[in-house]
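Chains D and X supply the protein sequences, listed in that same order. Residue numbering for the first sequence follows my numbering, starting at 44 and increasing by one per position. Residue numbering for the second sequence follows my numbering, starting at 4 and increasing by one per position.
Simulated from the structure, these hints should not be mistaken for lab results. The C-beta atom is built at its ideal place from N, Cα and C for all residues, glycine as well. Just to be clear, a hint being listed does not mean it is correct.
In silico negatives: residues of chain D with every beta carbon more than 12 Å from chain X [what the hints assert, rightly or not]: (1) K219; (2) I277; (3) S320; (4) A570; (5) I670.
Each computed DSBU-like pair below joins lysine-lysine, with the alpha-carbon atoms no more than 30 Å apart [as the list claims (entries may be wrong)]: (6) K62/D / K55/X; (7) K55/X / K676/D; (8) K676/D / K24/X; (9) K96/X / K62/D; (10) K62/D / K230/D.
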Amino acid sequence: MIRFTDALTLALTKLRTHKIRITITIIISSLLFGLLIAILLISEGGFQSLGNFSKEGYGNRFIVNAQPISRDISKVFDDTSVIARAKTIFKDNIAAKKLAAKNLGITYDESSEMQPTMSYSGDVNEVSLSWSAPSAVQAINEYFSTKPSNDLEALKQTSSKYSPTNLYTTTQKTPKSGAILFMKDGKENFTPDQEAAYKSNNYASLEVQLLTGAGLTVASPGLTNPFMLSKDKIKSSNPDAIPVIITSYAAEEILGLPSLENATPTEQLNRVKEIQSKAGSISFSICYRNSTSQQQINEAISVAKDIEKNKNNKDYQKPSLIYQLPAENSCAAAVVKSDTRSSEQKSYDAKLKTFNKQFNIEDTPDQQKIELTVVGIMPNLQSSSSRSLASSGILQAIVGSSSSYGIMVPSDLYEALPSVQRYEEIFAKTSGFMSPTNDVFYAEFKSAKTASSFITEQTCNDSETCEKDGKQFYLSPYGSNSIALDSAKSQFLTIFGIAIIVVIAIASVIMSGTLGRMVSDSRRETAVFRAIGFKRIDITSIYVTYILILSSLVAISSLIIGISAALIFDQIFWQDFTVQSLLIFGASDLTRQFHFFAINYLVMSWIIAAILGSGLISTILPLARNIRRNPIKDMRDE
Amino acid sequence: MQIIGGLDKPTSGTVIVSGDKISHMSDRKLSNFRNRTIGFVFQFFYLQPFLKLEKNLEVAGMPMRTKHKRRLESVVKLAEATGLSERLKHYPKELSGGQLQRAAIARALLNNPKIILADEPTGNLDSKNGQSIIELFEQIRRDFNTTIIIVTHDPIVAGRADRIITLRDGQII
């Protein structure tokens, strides 16, 4: 076979013929492969950046939320034994109250007690338990106390064969009675507009969150750690302050920062920096009032209004006991302004108090000002209008990483608080017979695949049969889309592989056309070479070298086109995506950047090989035809 | 002539050139035979338009994998012999018809073949250039001791040959 340098010399002369055809071939093939390279660089950059940012928040973690299924209560309400038990409780309760009232010398009206049963048809024999009657609720709770509950232990057993790396719990803390209210600027709003709060879609606002009863969520450190500020940034001096993690938006609200409408990426980034630098020194107060305390506050307000309205009415008789509002910043009980009750009335009220206490009927105001100190910042739960940019929407949909809770409290820090006992008195743990606990559980897995299998195989799909099937939880991905993202990454490579094959096929057809023409136009030249003594393999080597040069030109042009396109794309979008990522991931490291340019050398090598391969594939047919021809015939034809 | 050059195969009979039975050779052996034993000169020269004359002459040495330095020495020598020393760095389009045919002859001589087969070598040239090409063939025969077989319709050219074989309607007469 002739030397490679000789084949190269002769192949290069071919590039000087059919210049227009060759140029068009190179351009079309380069555009096709350039597009592939651009997609590869951009997607690789995107995936790498996502991976980088995924180190923040819940990204790159495969957590499954396990919501215990509700108890099947459909039959309990008609269960004769439970109905009988409810009636007994009701009777015993009335008998006890009657006796106590008699002993204390107070009146007791048993008709004020809610009957444990009710009849829907009017037939006294067809009764079922009344939802809200305390005696019925107690009977139902007694019935369920013997049934197994879907707790952390149950999740541990269900998930054991999937080897979870960790199990976590979150507990919703809402007051047993009354409410907790946000003290904006340290002051209590005695007349909060609850209706307006419900209508508001701004769930990120602390005021709204607390007003709508979201309460605090005490969560395992495994769930809160990603959002914690570094210890040196936390500056709280109150040891009893409850450590909380709030959203960026809530932090803006407390810091009194104006909403960033149509802000530039730089402005948004500066806002993130400002929040991060100040977050550690943020503390705010909430005011807990039980129902009686709230009732006294409401009474103080309404009585004050009545007095004002009747100030010229001589027939108006003021109530014997008048309350006035406490100081706005105190969260104290309503203050007795005047008490003109007779000694008999006072004595009667005292007896009533004893009676209420005996039967656990709340009649004493209880309130507590609670300080909360910020120890972490979470990404916003919902985009405000200023963040509804395309990049934000895309990122939020793909990688939105959030706790889904408004105010989170790390359980380890909470349990170490000196006043934890007092807080536990305020907050309820159970929430009725349908769901025995407010707790939600989580299982973390090593891989997206295991997490997906766990969800698919163990989730409760049909609530009617789940209890029977032993499926105790509704399972769903939690915190981020890392499970979906992981499968998207592998799917992308599959789709990209198919795209490469399609492009190779198209490029091969185009190059084959050019080469076919080139070969057929060079028959005389081939015949001369054969006459001079070139073997078939020598002719082949010249054409193979030629196609390799052509393919290399396509490869170089494709690289130039692909890299340029990716760099331009990156230049246009990196800044916006960086800011949105910092916001969405709640990144603590603000030096992170989101770039749409990264080289996957392995896949890139495959593309280059594909370009060269498509060239070689395209030579097979025309060359096979050419070297089998009779040189004499070709010379004669010429 | 194509049969003598190993480019074509006879439908019957045997072809022996310099003791080699070429009518029964494989394609590979025929290629070697053409490269080492035969030098072709065509009526239309068939030089590579995008190679300089120097490289064009070298092409004949490529199948033998002759070293570039040696090839270049031969090219210089042959260019001198054919009067093309001054034109080695030129492209074929810059040469005259006579120079092109001289170049084709030089290329045919590069591997020092025993036989040169020339197909109407003067058919595309004016009489002056044609005359000069025949003189060049005579010089080659003398200097290189090469057998030169010329196919021609020109009786003047034929008249300069040592031996004339006349073909009429495919028959030697």
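Cross-check of the supplied hints:
no.	hint	in the structure
1	K219	holds, 95 Å
2	I277	holds, 77 Å
3	S320	holds, 69 Å
4	A570	violated, 8 Å
5	I670	violated, 10 Å
6	K62/D / K55/X	holds, 19 Å
7	K55/X / K676/D	holds, 28 Å
8	K676/D / K24/X	holds, 23 Å
9	K96/X / K62/D	holds, 19 Å
10	K62/D / K230/D	violated, 82 Å
In summary, the numbered hints that this structure violates are 4, 5 and 10.
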